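> Next come the chains, spelled out residue by residue.
Protein chains: 2
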Amino acid sequence: MSAFQKTRRTKVRRIPQNAVYDRASIDAILDEGLICHVGFVADGLPYVIPMGYARAGDKVYIHGSTASRLLTSLAGGVDVCLAVTLVDGLVLARSAFNHSMNYRSVVIFGKAVAVEEEAEKIEALRLFSEHMMPGRWRELRDPKPIELKATLVMSLAIAEASAKVRTGPPIDDEEDLQAPVWAGVVPLVLRRGDLRADSTGIEPPDYVTLDQRFS
Amino acid sequence: MSAFQKTRRTKVRRIPQNAVYDRASIDAILDEGLICHVGFVADGLPYVIPMGYARAGDKVYIHGSTASRLLTSLAGGVDVCLAVTLVDGLVLARSAFNHSMNYRSVVIFGKAVAVEEEAEKIEALRLFSEHMMPGRWRELRDPKPIELKATLVMSLAIAEASAKVRTGPPIDDEEDLQAPVWAGVVPLVLRRGDLRADSTGIEPPDYVTLDQRFS
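So the sequence lines, in the order shown, correspond to chains A and B. For the record, in the first sequence the residue sitting at position 42 is 627 according to this note's numbering, with numbers rising by one throughout. For the record, in the second sequence the residue sitting at position 194 is 779 according to this note's numbering, with numbers rising by one throughout.
Because the hints were derived from the structure by calculation, they are not lab data. Please read these numbers as outputs of a predicted model, since none were measured by experiment. A portion of the hints provided could be inaccurate.
Remember, identical chains collapse to one label, so a pair may be satisfied in a single copy or spanning two.
[As the list claims (entries may be wrong)] Mimicking DMTMM-like on lysine to aspartate or glutamate, the simulated pairs with C-alpha atoms at most 25 Å apart in a straight line are:
hint : residue 1 : residue 2
1    : K734      : D761
2    : K734      : D796
3    : K696      : D664
4    : K734      : E788
5    : K644      : D612
6    : K734      : D628
7    : K729      : E745
8    : K729      : D612
9    : K644      : D779
10   : K696      : D796
11   : K734      : D779
12   : K734      : E703
13   : K729      : D616
14   : K729      : D673
15   : K729      : D664
16   : K644      : D791
17   : K729      : E760
18   : K696      : D628
19   : K734      : D607
20   : K696      : E745
21   : K696      : D616
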């Protein structure tokens with residue numbers, strides 16, 4: 586359980602008691618999220634793009650088409666800030682000022698670099714697939730050379746990272762506690778809706794129907 | 586229903602057939618999302634911070650403590666890229682390459698400026714509250730002067746903006762269509778969990794229990 590040294594960028598200044606720097610917490614948030622938001626700078630201006638990703642040990646892989654402006658720009662090794670945010674609930678306090686959300690979020694700062702080596706690239710594609718739907722990869726055909734070529738995979742070290750976590754009830758001002766207003770938390774959870782099959786005569790696999798993540 | 590002119594920044598290059606530029610689509614996504622990711626540049630490096638927000642006509646308001654690094658930086662009128670992303674489902678195709686997600690996303694580029702005028706600031710706080718939990722504001726006491734002072738509200742014009750939307754089934758290569766693998770969409774929806782009351786003897790209000798957004 587390594588702890589991260591706070592850097593100038595990762596030191597959490599806003600509500601620092603919500604800050605978490607240990608790797609286990611950071612990894613758990615990264616592993617649960619489905620998308621990340623990747624920020625980068627081009628011509629001095631900020632860009633933010635939602636992307637798929639997967640974690641492998643001390644790295645996060647992100648991917649897109651080689652045509653993507655983000656990844657074209659990143660291929661030279663551009664600095665990025667990658668954020669993953671999970672919203673867990675609405676926190677209804679007794680004053681507007683103390684309203685909040687329960688959430689778990691991670692930010693990682695670093696240089697994303699293109700993965701060129703074929704074996705690592707295929708492994709990253711496997712990780713993207715398994716991150717999105719664990720159990721699926723082994724049912725799929727191997728990627729074709731043209732598909733590998735059309736997919737740009739970048740890796741980002743989890744070196745400069747921090748997490749923020751808010752849990753629990755509202756925190757109200759003492760003088761508001763008697764206000765005649767319901768207060769509490771409205772938990773929010775991501776659930777699976779009814780499957781929409783595109784194939785006929787094939788049962789949905791257990792890794793979909795028994796997937797505990799969204800049930 | 587105005588259409589937006591594509592600019593160098595908002596022109597969607599990656600899978601352009603998923604691009605949406607009309608204001609009604611953009612507004613609907615902004616109104617449904619709970620958090621945004623705000624990207625900005627400081628000392629030449631990218632930062633991305635998850636934040637609460639609310640839309641009011643042609644503006645998006647974002648907020649935080651005046652101590653926030655982001656908003657301190659923004660107070661001078663820094664360029665931002667604001668992204669809102671809604672994940673609607675996992676798209677399981679017959680090849681890893683054609684896996685995707687169904688999603689709706691908006692990005693807005695522009696300069697965020699601090700809201701200084703008190704009436705606009707209070708209105709923005711009302712909008713934050715109503716965006717997060719419609720119906721709640723009228724039950725709450727008025728903000729105190731010290732709370733207004735401690736809250737920095739920024740506004741960002743919805744002028745340079747675009748949306749991307751993916752819906753529907755997987756799109757497979759012709760030669761994969763006979764693969765013996767289930768294919769389809771796993772829809773994902775945000776649902777309300779069991780309320781966690783922090784007050785006693787007060788029934789949760791209708792705007793919580795009848796909230797159609799997460800039921």
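> Against each hint, give a clear statement of whether it holds in the structure.
Here is how each hint holds up against the structure:
With identical chains, the CA atoms of K734 and D761 are at most 25 Å apart between copies only, with a shortest distance of 19 Å across copies and 60 Å within one. Taking identical chains as interchangeable, the C-alpha atoms of K734 and D796 are never at most 25 Å apart, the minima being 32 Å within one chain and 47 Å between chains. Proximity of K696 and D664 under a CA criterion of 25 Å is satisfied in both settings, with 4 Å inside one chain copy and 22 Å between copies. For the identical chains of this complex, K734 and E788 are neighbours neither inside a copy (32 Å) nor across copies (59 Å), given an alpha-carbon limit of 25 Å.
Proximity of K644 and D612 under a CA criterion of 25 Å is satisfied intra-copy only: 10 Å inside one chain copy versus 36 Å between copies. Taking the shortest alpha-carbon separations for K734 and D628, neither the intra-copy value of 27 Å nor the inter-copy value of 35 Å comes in at or below 25 Å. Taking the closest pair of Cα atoms, K729 and E745 never come within 25 Å of each other, the shortest separation being 35 Å inside a single copy and 38 Å across copies. When the C-alpha separation of K729 and D612 is checked against a cutoff of 25 Å, the pair qualifies neither within a copy, at 31 Å, nor between copies, at 40 Å.
For the identical chains of this complex, K644 and D779 are neighbours neither inside a copy (34 Å) nor across copies (36 Å), given an alpha-carbon limit of 25 Å. For the identical chains of this complex, K696 and D796 are neighbours neither inside a copy (34 Å) nor across copies (43 Å), given an alpha-carbon limit of 25 Å. In this homomeric assembly, K734 and D779 never come within 25 Å of each other (Cα to Cα): the closest approach is 35 Å inside a single copy and 47 Å across copies. In this assembly of identical chains, K734 and E703 lie within 25 Å of each other by CA distance solely inside one copy; the values are 10 Å within and 55 Å between copies.
Taking the shortest Cα distances, K729 and D616 never come within 25 Å of each other, neither inside one copy (27 Å) nor across copies (41 Å). When the C-alpha separation of K729 and D673 is checked against a cutoff of 25 Å, the pair qualifies neither within a copy, at 39 Å, nor between copies, at 28 Å. With identical chains, the CA atoms of K729 and D664 are never at most 25 Å apart, being 30 Å at best within one copy and 41 Å at best between copies. Taking CA atoms no more than 25 Å apart as the test, K644 paired with D791 passes in neither setting, with 29 Å inside one copy and 46 Å between copies.
Only between protomers do K729 and E760 lie at most 25 Å apart by alpha-carbon distance; the minimum there is 12 Å, versus 65 Å within a single protomer. Taking the shortest Cα distances, K696 and D628 sit within 25 Å of each other both inside one copy (17 Å) and across copies (15 Å). Neither within a single protomer nor between protomers do K734 and D607 lie at most 25 Å apart by alpha-carbon distance, with minima of 36 Å and 34 Å respectively. In the homo-oligomer, the alpha carbons of K696 and E745 lie at most 25 Å apart inside one protomer (10 Å), although the nearest pairing across protomers, at 28 Å, exceeds that limit.
Taking the shortest alpha-carbon separations for K696 and D616, only the intra-copy value of 20 Å comes in at or below 25 Å, while the best inter-copy value is 33 Å.
Figure legend: structure checked against the earlier numbered hints; hints not met, in rising order: 2, 4, 6, 7, 8, 9, 10, 11, 13, 14, 15, 16, 19.
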